[in-house]
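Asker: Assemble the complex: chain A is given as a structure, and chain B must be docked to it using the hints.
2 protein chains.
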Amino acid sequence: MKATIITIGDELLIGQVINTNQAYIAEQLNNAGIIIGRMITVGDIEYEILSAIESAEENSDVVVITGGLGPTHDDITKKTLCKFFNATLVVNEEALQNVKDIVENRNVRWNEMMFEQSLVPNNALVLQNNCGTAPGLQFERNGKYFFAMPGVPREMKEMIRRFVFPFLQQKNPTQIVIHKTLQTIGIAEAHLAERIGNVIELFNEHPKTTLAFLPSIFVVKLRISVVDTTSEKAKEQIQRVENNIREKIGDSIFGIENERLEDVVKTILLQQRKTIAIAESCTGGRICEKLTNVPGSSECFERGIVAYSNTSKIQLLGVDKQLIETFGAVSKEVAEAMAKGVRETSNTSIGISTTGIAGPTGGSTEKPVGLVWIGYSDSEETFATQYFLGKGRNEVKERASLAALELLRKKLLNISLKK
Amino acid sequence: MKATIITIGDELLIGQVINTNQAYIAEQLNNAGIIIGRMITVGDIEYEILSAIESAEENSDVVVITGGLGPTHDDITKKTLCKFFNATLVVNEEALQNVKDIVENRNVRWNEMMFEQSLVPNNALVLQNNCGTAPGLQFERNGKYFFAMPGVPREMKEMIRRFVFPFLQQKNPTQIVIHKTLQTIGIAEAHLAERIGNVIELFNEHPKTTLAFLPSIFVVKLRISVVDTTSEKAKEQIQRVENNIREKIGDSIFGIENERLEDVVKTILLQQRKTIAIAESCTGGRICEKLTNVPGSSECFERGIVAYSNTSKIQLLGVDKQLIETFGAVSKEVAEAMAKGVRETSNTSIGISTTGIAGPTGGSTEKPVGLVWIGYSDSEETFATQYFLGKGRNEVKERASLAALELLRKKLLNISLKK
Numbered sequence: 001m002k003a004t005i006i007t008i009g010d011e012l013l014i015g016q017v018i019n020t021n022q023a024y025i026a027e028q029l030n031n032a033g034i035i036i037g038r039m040i041t042v043g044d045i046e047y048e049i050l051s052a053i054e055s056a057e058e059n060s061d062v063v064v065i066t067g068g069l070g071p072t073h074d075d076i077t078k079k080t081l082c083k084f085f086n087a088t089l090v091v092n093e094e095a096l097q098n099v100k101d102i103v104e105n106r107n108v109r110w111n112e113m114m115f116e117q118s119l120v121p122n123n124a125l126v127l128q129n130n131c132g133t134a135p136g137l138q139f140e141r142n143g144k145y146f147f148a149m150p151g152v153p154r155e156m157k158e159m160i161r162r163f164v165f166p167f168l169q170q171k172n173p174t175q176i177v178i179h180k181t182l183q184t185i186g187i188a189e190a191h192l193a194e195r196i197g198n199v200i201e202l203f204n205e206h207p208k209t210t211l212a213f214l215p216s217i218f219v220v221k222l223r224i225s226v227v228d229t230t231s232e233k234a235k236e237q238i239q240r241v242e243n244n245i246r247e248k249i250g251d252s253i254f255g256i257e258n259e260r261l262e263d264v265v266k267t268i269l270l271q272q273r274k275t276i277a278i279a280e281s282c283t284g285g286r287i288c289e290k291l292t293n294v295p296g297s298s299e300c301f302e303r304g305i306v307a308y309s310n311t312s313k314i315q316l317l318g319v320d321k322q323l324i325e326t327f328g329a330v331s332k333e334v335a336e337a338m339a340k341g342v343r344e345t346s347n348t349s350i351g352i353s354t355t356g357i358a359g360p361t362g363g364s365t366e367k368p369v370g371l372v373w374i375g376y377s378d379s380e381e382t383f384a385t386q387y388f389l390g391k392g393r394n395e396v397k398e399r400a401s402l403a404a405l406e407l408l409r410k411k412l413l414n415i416s417l418k419k
Numbered sequence: 420m421k422a423t424i425i426t427i428g429d430e431l432l433i434g435q436v437i438n439t440n441q442a443y444i445a446e447q448l449n450n451a452g453i454i455i456g457r458m459i460t461v462g463d464i465e466y467e468i469l470s471a472i473e474s475a476e477e478n479s480d481v482v483v484i485t486g487g488l489g490p491t492h493d494d495i496t497k498k499t500l501c502k503f504f505n506a507t508l509v510v511n512e513e514a515l516q517n518v519k520d521i522v523e524n525r526n527v528r529w530n531e532m533m534f535e536q537s538l539v540p541n542n543a544l545v546l547q548n549n550c551g552t553a554p555g556l557q558f559e560r561n562g563k564y565f566f567a568m569p570g571v572p573r574e575m576k577e578m579i580r581r582f583v584f585p586f587l588q589q590k591n592p593t594q595i596v597i598h599k600t601l602q603t604i605g606i607a608e609a610h611l612a613e614r615i616g617n618v619i620e621l622f623n624e625h626p627k628t629t630l631a632f633l634p635s636i637f638v639v640k641l642r643i644s645v646v647d648t649t650s651e652k653a654k655e656q657i658q659r660v661e662n663n664i665r666e667k668i669g670d671s672i673f674g675i676e677n678e679r680l681e682d683v684v685k686t687i688l689l690q691q692r693k694t695i696a697i698a699e700s701c702t703g704g705r706i707c708e709k710l711t712n713v714p715g716s717s718e719c720f721e722r723g724i725v726a727y728s729n730t731s732k733i734q735l736l737g738v739d740k741q742l743i744e745t746f747g748a749v750s751k752e753v754a755e756a757m758a759k760g761v762r763e764t765s766n767t768s769i770g771i772s773t774t775g776i777a778g779p780t781g782g783s784t785e786k787p788v789g790l791v792w793i794g795y796s797d798s799e800e801t802f803a804t805q806y807f808l809g810k811g812r813n814e815v816k817e818r819a820s821l822a823a824l825e826l827l828r829k830k831l832l833n834i835s836l837k838k
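Listed in order, the protein sequences are those of chains A and B.
Take the first sequence: its position 89, counting from 1, is numbered 89 in the numbering used here, and each next residue is one higher.
Start counting at 1 in the second sequence, then tack on 419, and there's your number in the numbering used here.
Hints were generated in silico from the structure; no laboratory data involved.
All C-beta atoms, glycine included, are put in the ideal place defined by N, C-alpha and C.
Please note that a few of the clues may not be correct.
[To be verified] Here are the computed lysine-lysine pairs in the DSSO-like style, where the Cα-Cα straight-line distance is at most 27 angstroms:
1. A:Lys2 to B:Lys502
2. B:Lys810 to A:Lys157
3. B:Lys498 to A:Lys221
4. B:Lys693 to A:Lys321
5. A:Lys2 to B:Lys498
6. A:Lys221 to B:Lys576
7. B:Lys502 to A:Lys208
8. B:Lys519 to A:Lys391
9. B:Lys740 to A:Lys274
[What the hints assert, rightly or not] What follows is a set of in silico ranges between Cβ atoms, one per label pair, in the way DEER data are often shown:
10. B:Gly782 to A:Leu270: 14 to 24 angstroms
11. B:Ile834 to A:Glu93: 50 to 60 angstroms
12. B:Asn729 to A:Phe383: 24 to 34 angstroms
13. B:Lys502 to A:Gln97: 52 to 62 angstroms
If we strip away everything but chain A, and leave its shape as in the complex, we get (with noise of 0.2 angstroms):
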């Protein structure tokens, strides 16, 4: 089955308001095996709603709706849909007992526009709403199925729980859709791609698999797509085609769905009861920021330095003055020294470190923008490693935090530094 996705409201279009509905309602028909194929946004206008509707039931098997169906002027997807199909407005008594409860409960005065909200069209199912006023409809044509619900989200929600997903999952009982997604990180997308190569088409004795690459900043997700009968069915094809992923890239994938490197990190650290300290100059805290986002974190970050000054390197983390006179405070000894200060004088099992020139001024040919010296030191080593991650302030700081602690992950699992 193949569904549209119409959100209304003139707030969306001029871009006072994010979409967020959309998202919510895809994922959610999505899980009842139901591809969306197009999602449209219109204002409160009776010509471009019923033309979005008019489409959309010529495209889709289901229509989903949201917003418009409140009390005020500007709400008019009601008597839209009246005139799409053909009904008259109605008194749904339950609709209505629900409005006075709800009148009583917040000690309201009673007005007009309250009644209102108990019409329905006659030819529709009513979905009782929970959490307002509004009641949603749901309508069937040729085979077609059309809800329309309040634009308000935890109305919404509990509509699409209650009624729409129950129905459509009743409905299409015979194709499940199934993801998975795969975080990598450190490198970039065109080469992730070129290293995975015909990964989907070694699979393709089963039609339905695709494979996304979703890049943001140093982390691309591989997202896996899989249709099938039955949920088992398509789990065991998401699991052959990670396998196979995984046999080429494994090394740089460090989590699954929605893990941020900072979990991943977190977690190993306390299977391994270790400790950290970090010491960052050009990071600038983002990556203690980072760790201690994390809840728990206390039990495995000691502490963090944020030493941006040459003093603060030299009073709290005790690199030698000469060190940064001879090498400059950017520099593979510097940032060894650092991570090796940071351990030792926080006592932790491992020092991190960061230095380098995140821009926009402070760059040279020989020191430029976007260099970075990551520091590890523990009780067997300590070494630095350096990077060049680009221009933007935000982009190095984040890239550099992100290289940091991506170094102390494959330290920590053994994995080689080797790229």
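Answerer: Only chain B this time, still in chain A's reference frame:
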């Protein structure tokens, strides 16, 4: 002029990614006086993309497209545009050089897919990409304008700012929309509305003036919008409304437009030739992270200590062990000792500290999740202020970081700390 926005990508249709691009583009076009008629989202499927562009061409003067311009097999927008505009792909030397520069800058190995990024339809105007490899494209046909940009938000935003917005504003000069945003901090939206009162009615001789409240964590932006025939008239009206608002809540307005609190604080510190050091416990590095996001912050920010463990508070900040044992790490006394300690050891003009309970665990009846003490110390005084900042680890960290920077701003500007 009327526009259609088309966003392309399977990740949108399965609800994996929330469509923030759409809202951003809608807002920008709106600012250029262009009405959005419809927004359409389709997957990476040729006939879906073609049908969306065809219907957009029919119904609007401007078509803005994002997504699907990347180098991997699932990116088909460029090829589809060639089909739609009867074009062939040719190398664009500037785009090629850009890709080469990025590859070199990041020290990445060259591959064939990177070359493909420099290919553009022969009848397109090229919108060079300042932040990434995929160039944007502009077409014109029968007096209608088409823009295609990458789906990566920062790349798209850069192109809107440099090419699309100026181009459309110049094509559509008869109606001027001017916005001004005032950034307020620390006052809840409902209270702000109460204190600002009927500012719009006060100026209702001018019909098209609106005031929008845009709340985010701890900050509420006030956006004044005026539509007029000339930029001068609109700016005068903006000024009248702004003056009125400033009379009522001026002390809580820390900046305008997209200024961040950390930008404002850094500017004041430099003006007053003051330096600062930060000692963070519950905020975990976020204050340092914010301050160091501002270019040139090294001129006033000396160091930060993320003193997560008690040991680090004692060892690095000179907090008396007895103080922690008597009052607990989350206390007025420890916050004061941390602020004073970090100022004295770093020899800066000002020291700021945070200690609190970010949650989700660690709270008690006496010291609930969300309790945060913020300490301040300069050569004349040392004190700490108590805050109750609600729930949610990320939210508590964000509110505490902003509250600390706001306390700093008020002290620097001699504004009363009374709420």
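Asker: What hint numbers does the structure not satisfy?
Answerer: Every hint satisfied by this model.
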